[in-house]
Amino acid sequence: MQIWTGKSYPLGATFDGSGTNFALFSEVAERVELCLVEADGSERCLEITEVDAYVWHVYLPAVQPGQRYGYRVHGPYDPAGGHRCDPSKLLLDPYAKAIAGMASNHPSLYSYDFEDPEQRNTENSAEHTMHSVVVSPFFDWGNDHPPAHEYHDTVIYEAHVKGLTMLHPDIDDSIRGTYVAMGHPAIIEHLTELGVTAIELMPVHQFVQDGHLVEKDLRNYWGYNTIGFFAPHNEYAYTGDTGQQVQEFKQMVKNLHEADIEVILDVVYNHTAEGNEKGPTLCFRGIDNAAYYRLVDDDKAHYYDTTGTGNSLLMRTPHVLQLIMDSLRYWVTEMHVDGFRFDLASTLARELHEVDRLSSFFDIIQQDPVISQVKLIAEPWDLGEGGYQVGGFPPLWSEWNGDYRDTVRDFHRSEPGVIGDFTSRLAGSSDLYQHTGRTPIASINFVTAHDGFTMRDLVSYNERHNEANGEDGNDGESHNRSWNSGVEGPSDDPQVEALRLRRAKNLMATLLVSQGVPMILHGDEMGRTQGGNNNTYCQDNEISWMNWELDVNQMEMLWFTQQMIALRREHPIFRRRRFLQGVVRDDADSSLPDVEWLGTDGAPMTTEDWESAQNKCLTMFLNGSSIPEPNLRGERIVDDSALIMFNASGNDVDFTLPPTDHGESWTITLGTGDSADIGTELAGGETISRHGHSLLVLMRPPMETGTATGPASRAADELAAATDHDQPARA
Numbered sequence: 002m003q004i005w006t007g008k009s010y011p012l013g014a015t016f017d018g019s020g021t022n023f024a025l026f027s028e029v030a031e032r033v034e035l036c037l038v039e040a041d042g043s044e045r046c047l048e049i050t051e052v053d054a055y056v057w058h059v060y061l062p063a064v065q066p067g068q069r070y071g072y073r074v075h076g077p078y079d080p081a082g083g084h085r086c087d088p089s090k091l092l093l094d095p096y097a098k099a100i101a102g103m104a105s106n107h108p109s110l111y112s113y114d115f116e117d118p119e120q121r122n123t124e125n126s127a128e129h130t131m132h133s134v135v136v137s138p139f140f141d142w143g144n145d146h147p148p149a150h151e152y153h154d155t156v157i158y159e160a161h162v163k164g165l166t167m168l169h170p171d172i173d174d175s176i177r178g179t180y181v182a183m184g185h186p187a188i189i190e191h192l193t194e195l196g197v198t199a200i201e202l203m204p205v206h207q208f209v210q211d212g213h214l215v216e217k218d219l220r221n222y223w224g225y226n227t228i229g230f231f232a233p234h235n236e237y238a239y240t241g242d243t244g245q246q247v248q249e250f251k252q253m254v255k256n257l258h259e260a261d262i263e264v265i266l267d268v269v270y271n272h273t274a275e276g277n278e279k280g281p282t283l284c285f286r287g288i289d290n291a292a293y294y295r296l297v298d299d300d301k302a303h304y305y306d307t308t309g310t311g312n313s314l315l316m317r318t319p320h321v322l323q324l325i326m327d328s329l330r331y332w333v334t335e336m337h338v339d340g341f342r343f344d345l346a347s348t349l350a351r352e353l354h355e356v357d358r359l360s361s362f363f364d365i366i367q368q369d370p371v372i373s374q375v376k377l378i379a380e381p382w383d384l385g386e387g388g389y390q391v392g393g394f395p396p397l398w399s400e401w402n403g404d405y406r407d408t409v410r411d412f413h414r415s416e417p418g419v420i421g422d423f424t425s426r427l428a429g430s431s432d433l434y435q436h437t438g439r440t441p442i443a444s445i446n447f448v449t450a451h452d453g454f455t456m457r458d459l460v461s462y463n464e465r466h467n468e469a470n471g472e473d474g475n476d477g478e479s480h481n482r483s484w485n486s487g488v489e490g491p492s493d494d495p496q497v498e499a500l501r502l503r504r505a506k507n508l509m510a511t512l513l514v515s516q517g518v519p520m521i522l523h524g525d526e527m528g529r530t531q532g533g534n535n536n537t538y539c540q541d542n543e544i545s546w547m548n549w550e551l552d553v554n555q556m557e558m559l560w561f562t563q564q565m566i567a568l569r570r571e572h573p574i575f576r577r578r579r580f581l582q583g584v585v586r587d588d589a590d591s592s593l594p595d596v597e598w599l600g601t602d603g604a605p606m607t608t609e610d611w612e613s614a615q616n617k618c619l620t621m622f623l624n625g626s627s628i629p630e631p632n633l634r635g636e637r638i639v640d641d642s643a644l645i646m647f648n649a650s651g652n653d654v655d656f657t658l659p660p661t662d663h664g665e666s667w668t669i670t671l672g673t674g675d676s677a678d679i680g681t682e683l684a685g686g687e688t689i690s691r692h693g694h695s696l697l698v699l700m701r702p703p704m705e706t707g708t709a710t711g712p713a714s715r716a717a718d719e720l721a722a723a724t725d726h727d728q729p730a731r732a
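When we follow our numbering, the leftmost residue of the sequence shown carries the number 2, and every step to the right adds one.
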């Protein structure tokens with residue numbers, strides 16, 4: 002075999018159409034061997050002699066895509082000093098574009114003896130670990146391009162590759178649970194008919210099956226246990242794991258883009274699957290432990306952990322920052338994804354102990370010409386001290402708004418004293434984001450997510466029911482802000498079932514009329530249940546998978562969600578670029594405020610209304626003639642106006658529409674509970690009775706005309722807005 006010098010950049014294995022360049026960073030290494038793994042498991046190990054700036058590199062003209070490989074790194078094994086090099090362990094390439102196989106829980110993966118942890122274990126791990134794979138970078142993208150969805154027009158759908166597709170009756174059994182299934186016409190048809198604009202995939206970076214779960218006959222379903230930040234997870238591949246997963250992932254993205262659906266990845270850069278000092282040696286630990294991981298300052302044998310998983314990446318070293326940025330850039334430029342949701346993002350901002358808005362991680366993202374232009378969403382908390390940082394991220398970022406989730410849940414389960422916070426969340430949470438110069442798109446609004454109850458379970462259970470997880474039902478969140486509607490779990494009482502459906506619709510409708518960016522958990526649109534399990538991280542089975550066989554109530558929920566998304570799409574008042582101000586705007590063709598909060602008597606809420614802990618009813622007036630953002634032609638958009646009546650009490654309540662200065666007549670557009678039929682017109686000042694736990698949306702056309710555009714030209718304006726830029730609003 003010919004062996005050439007090669008180059009130190011780029012890191013990883015790079016096939017150039019002829020041969021492959023290998024480059025690996027390790028500052029602590031004394032020797033590095035590149036081991037080529039054959040189909041029978043045998044190895045051919047080549048010592049790498051070239052090293053520049055701690056990057057070990059070699060070029061092999063004979064190596065082609067599909068070749069499996071790994072590294073053996075010789076260097077100090079000194080846990081007390083933070084070093085854990087171990088050449089008996091065949092190591093993954095941190096930059097591997099594909100990974101073959103799955104690590105077992107075999108003792109050879111560990112550098113210590115289970116019976117006596119102080120003793121070294123030098124058993125060869127090659128037969129029990131995973132292998133890096135050389136891949137071909139070539140793929141026919143055709144005319145693929147990112148969907149042109151403005152952020153404020155986005156509706157996100159959080160989904161799991163396997164969970165969404167595993168039981169779909171129109172997908173062949175052999176491809177269910179794969180990237181091929183995710184790009185299948187049946188899935189794309191569901192997403193387009195639903196009306197979502199972006200799918201946020203739960204982790205698809207290569208992850209590891211946890212040993213303790215395998216021993217219980219369970220599996221890591223969620224995937225928050227990453228070992229390969231460049232490699233699509235191989236268990237979601239249909240045709241093989243020696244590079245086929247890369248091609249299949251690209252085709253999935255291409256198919257979704259053709260349907261005008263963006264692809265956002267849930268990424269886990271805060272920790273790796275190697276865990277704490279008792280974990281396996283699979284990759285980073287054996288390459289350069291002290292460079293990749295954050296160690297306890299006065300005890301380098303242990304790991305500083307703010308993630309609850311055993312380790313945290315060391316965010317103040319340039320090589321960790323380079324790894325993350327190279328990974329992000331690869332997924333955008335080579336895999337064509339459109340954005341990222343960062344798991345436990347507060348950990349990424351910890352350079353020392355505190356979360357720092359000015360950390361190197363944020364700086365390097367801000368200046369990057371590629372990553373700064375895609376959607377960036379933070380899960381703005383971790384498990385460390387001071388880790389809850391909702392509202393604390395820099396202007397470029399959007400955040401999962403945990404305050405929105407908690408407040409909306411409390412309001413719709415009739416908790417007292419919530420109405421003030423509830424209106425703040427409806428209006429885009431300016432109290433959290435405006436002080437840093439951000440706009441409503443900073444708030445990713447959600448009521449449910451993968452972690453916790455589904456929306457159906459939120460209205461069906463008071464308590465978690467996690468017995469299947471094997472932890473005596475003690476895992477998962479115990480404070481769910483849920484209410485079972487009178488009966489715990491399944492019920493054949495039609496009144497209970499009707500109340501649950503109405504309450505689920507209320508939650509979905511609230512999400513879709515709120516300013517900000519809505520995120521829907523997959524299956525909530527059709528009443529998916531997990532049987533009260535609020536921590537399905539290890540349930541890779543029917544508990545978590547979406548059941549596509551729907552009953553009457555589930556069909557009703559699906560129809561209602563489709564209608565609510567369509568309503569949001571058709572009316573800019575529900576997805577404004579700037580925060581509502583509650584004032585009469587100078588630039589509006591209206592003498593009414595842009596938003597008004599009304600009592601059940603149709604008049605503006607009084608101080609007593611705001612301060613009453615028992616007040617659980619209000620009407621939100623949104624003025625469609627007071628939208629300051631112009632389109633490309635400089636014409637200000639005018640939309641219909643809306644009244645949204647919320648009755649979160651358990652009683653029937655009479656609501657009076659505002660006087661005729663707000664509108665001569667209003668049309669019932671959508672609602673929950675028994676009410677007048679859709680399309681019924683109500684006069685200004687008229688009174689209507691609303692059932693307990695119900696919601697009603699009424700619309701009216703613009704009252705004024707002027708230089709602004711009206712509904713007739715809205716479609717053209719929406720098309721023009723694809724390249725529009727935000728304009729400053731005048732108060």
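By construction, these hints were calculated from the structure, which means they are not laboratory data. Misleading hints may appear alongside valid ones.
Label pairs and their in silico Cβ distance ranges [claimed, not checked]:
| no. | residue 1 | residue 2 | range |
| --- | --- | --- | --- |
| 1 | 218 | 175 | 22 to 32 Å |
| 2 | 334 | 666 | 45 to 55 Å |
| 3 | 215 | 384 | 35 to 45 Å |
| 4 | 319 | 668 | 51 to 61 Å |
| 5 | 51 | 187 | 43 to 53 Å |
| 6 | 479 | 186 | 57 to 67 Å |
| 7 | 494 | 102 | 47 to 57 Å |
Computed cross-link-like contacts, EDC-like style, restricted to lysine to aspartate or glutamate with a CA-CA straight-line distance of at most 16 Å [claimed, not checked]:
| no. | residue 1 | residue 2 |
| --- | --- | --- |
| 8 | 251 | 145 |
| 9 | 279 | 79 |
| 10 | 279 | 300 |
| 11 | 301 | 278 |
| 12 | 217 | 473 |
Every residue gets a Cβ at the ideal spot worked out from N, C-alpha and C, and that includes glycine.
So, going through the hints one by one against the coordinates:
no.	hint	verdict
1	218 to 175: 22 to 32 Å	24 Å, holds
2	334 to 666: 45 to 55 Å	53 Å, holds
3	215 to 384: 35 to 45 Å	24 Å, violated
4	319 to 668: 51 to 61 Å	60 Å, holds
5	51 to 187: 43 to 53 Å	51 Å, holds
6	479 to 186: 57 to 67 Å	42 Å, violated
7	494 to 102: 47 to 57 Å	51 Å, holds
8	251 to 145	10 Å, holds
9	279 to 79	15 Å, holds
10	279 to 300	15 Å, holds
11	301 to 278	10 Å, holds
12	217 to 473	13 Å, holds
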